[in-house]
Amino acid sequence: MKNNIFTSLLLSIILLSSSYADDKGRISLIFNDTKIDLPVNSVVLRKENNIVLTARAELNNENIKQLISMEISFNSFSIDSVDIYNSFLLEVRNQSNTISSREAFILRFEDNANSGEVSYAKGNKSWNANAISLRFDVSKIDFSNDHLMIQGTFTVAIRSQESDTPLEPIAEIKDGEFEIIL
Amino acid sequence: MKLFISAILFFLLFIPVLQAEDQSYDLHMKMIITSPDTSIRTLNHTGKSDEIIEGYFLLPRYKDMDLELPIRAFLQPGGFNFLDQKVFSGMGDFLGEKWAENKFPVTDLEMMTNGMDISKIISFQIKPVLLNMESDSITLFIKYAVFNLIEQKNYDLDYEYNLKLFYKKAEILFDEKSSFDFINEHFAGHTISFLFTKSSEQKRSLTVENSRNIIEEIVKSANESTLQDLNFNMGAELYRDKYPGSIAPAANNYLALYSEYHLPDYNVIVNTATAEVFNLPVSIYKAELSFPFLLYNSQKNELYKNYLTREDLFQSTCDVIIVPVSMNADTLTADIFVSYKKLNLDDDFPRWSPIKKRLSINSLFGTTFELPKENWSASFTREGESYDIFGYSDFERYVSEWLIIKLFKM
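In the order they appear, the protein sequences are chains A and B.
Per this note's numbering, numbering of the first sequence is gapless, rising by one per residue and ending at 1295.
Per this note's numbering, numbering of the second sequence is gapless, rising by one per residue and ending at 434.
Source of the hints: derived by calculation from the structure; they are not laboratory data.
Built from N, CA and C at the ideal position, the CB exists for glycine as well.
Be aware that a few hints might be false.
Covered stretches of chain B, going by a simulated chain A footprint (3 or more residues, C-beta under 8 angstroms) [stated by the list, open to error]: (1) 371-378; (2) 403-414.
List time: in silico DSSO-like cross-link candidates among lysine-lysine, alpha-carbon distance up to 30 angstroms [what the hints assert, rightly or not]: (3) A:1238 to B:380; (4) B:244 to A:1238; (5) B:266 to B:329; (6) B:54 to A:1235; (7) B:310 to A:1235; (8) A:1235 to B:365; (9) B:54 to B:167.
Full structure from sequences and hints, please.
In structure tokens, the structure reads:
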């Protein structure tokens, strides 16, 4: 399978940033009364069997450490062709200067969802998920004014047997929105 | 005179008594040799608080021609062994006969060595004296011999050496890295540092950051182990040369070597975040290779060269945990866990993937595997200084890196 992927590699574009944050583009997330808006650190757009966009945005200083890392797989580069089973990553980390403020969502699927990781961490604690409900949609892909803009929505509920209340979600995002501008 | 005699009596009579109270305490020493050729070697010792520590550090004469790697330093009883196959390969039998006749290795030194290989050696014996376990410092009585090549005469095999024997007393604080000018002055450009720590616990605990999945994997491997007595010790090396490199060392490709020998062993893991304790059925080993991060992209390196925060942030750590699983003749099967952080950013952002591998480690050849190149990135600001580092374009594409695991049977 991997050989097929690599032999069918047609296009690999790596857009690495310049020294200026504004030129990099941004990734924004809005969920659960939280807004995270970060300058893009790196973007990779590659053609395998699918078209796979990987983007990473990071704000990292003494007071705040935030990370958004996304990988979206498209059958074709259009809004109705997202294929989260091929590969998918939504990783959000948010921490101020205390460990108790740390919060992290990690949703990663690979190899047609045969492998991956779904976990949630808050403060010192972390949980591996044994059940997940995920809806992820791309609602707009637009290229204008020299910018590529991708917008969409997502809803997540993570359950874990390691939780004291395994039937209740340990973490839940309703009506989350994302925007990637490159 | 009376005072002098009293002092001697004190040392002869009272120190053994006082030390006897501390016999249950372990003393740990890290000896760290940092060399100007981008190499660092760490030697570990764990023993009773009065246990004598012996070993040596050798500089080869022809570094560029040397197929071995630059630093040669080991802890071993007796210090430098003039018949060691690591030092001499061709004259062992001949020298062995001489050796049997000369119990004291310093005797007839020039006859006992193949001078072509050696530029300088320090062979040392350290006697720690810990009068009180509550003390924040320890006294060291250090006896060391420095063997120094003076010249080669007439391009033949006639070499002239200088040998000096020294006795020094030093007192150093626990948990602080210390270095002695009286040793360093013999090795221009090299720094030899010591770090002493003490513990009173019977169990040797390895603290692991909040990485539950890794801890679970380590425990799982340890539970598979069929070993009871570990009659060996271990070492780990990270060897780097120019891409595309070769593990066969070549001086013109060499970039760096970071190594740690006589790895400390542990039989308990503690999760630092949750304080969970895991007792292990077999002792495991850990190397903590720590070394400066080198930005091989020269343009980027120039950009950050005057940054004040750079020294603290550009610090790499490569932790290697070895879980012995089974032993067959001279070959150990072990699970190796590698966690390699290129920068010291004090965050938990994922940039470098931990590795788990099951390997066979031969006592003669060790085992070697190439570390994967990772397409990591780090964009961060500290004290107003902003960095954008792209792992592949600034570092990975310039280098090949190998991890070498060594097995030493006792």
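Is the listed coverage of the segment 403-414 of chain B by chain A valid when you require three or more residues with a beta carbon under 8 angstroms from a beta carbon of that chain? With 7 residues in contact (Cβ-Cβ under 8 angstroms with chain A), the coverage given for the segment 403-414 of chain B holds.
Proposed proximity, residue 1238 of chain A with residue 244 of chain B (alpha carbon, max 30 angstroms): Roughly 21 angstroms separates the two Cα atoms, so the pair holds.
Given the hint that residue 266 of chain B pairs with residue 329 of chain B, does the C-alpha gap stay at or below 30 angstroms? holds (22 angstroms)
Regarding the pair residue 54 of chain B and residue 1235 of chain A, is the alpha-carbon distance no greater than 30 angstroms? violated (36 angstroms)
Assess, step by step, whether the Cα of residue 310 of chain B is no farther than 30 angstroms from the Cα of residue 1235 of chain A, and give holds or violated. holds (29 angstroms)
Check the hint pairing residue 1238 of chain A with residue 380 of chain B against an upper bound of 30 angstroms on the C-alpha distance. holds (24 angstroms)
Hey, residue 1235 of chain A versus residue 365 of chain B, does the alpha-carbon distance stay inside 30 angstroms? Given pair residue 1235 of chain A, residue 365 of chain B holds - Cα atoms ~23 angstroms apart, limit 30 angstroms.
Within a Cα-Cα threshold of 30 angstroms, do residue 54 of chain B and residue 167 of chain B meet the stated pairing? It holds: about 18 angstroms lies between the C-alpha atoms, which stays within 30 angstroms.
Check, residue by residue, whether the segment 371-378 of chain B contains three or more positions whose beta-carbon lies closer than 8 angstroms to a beta-carbon of chain A, and give the verdict. holds (count 4)
Violated hints amount to a single one, hint 6; each of the other numbered hints is respected by the structure.
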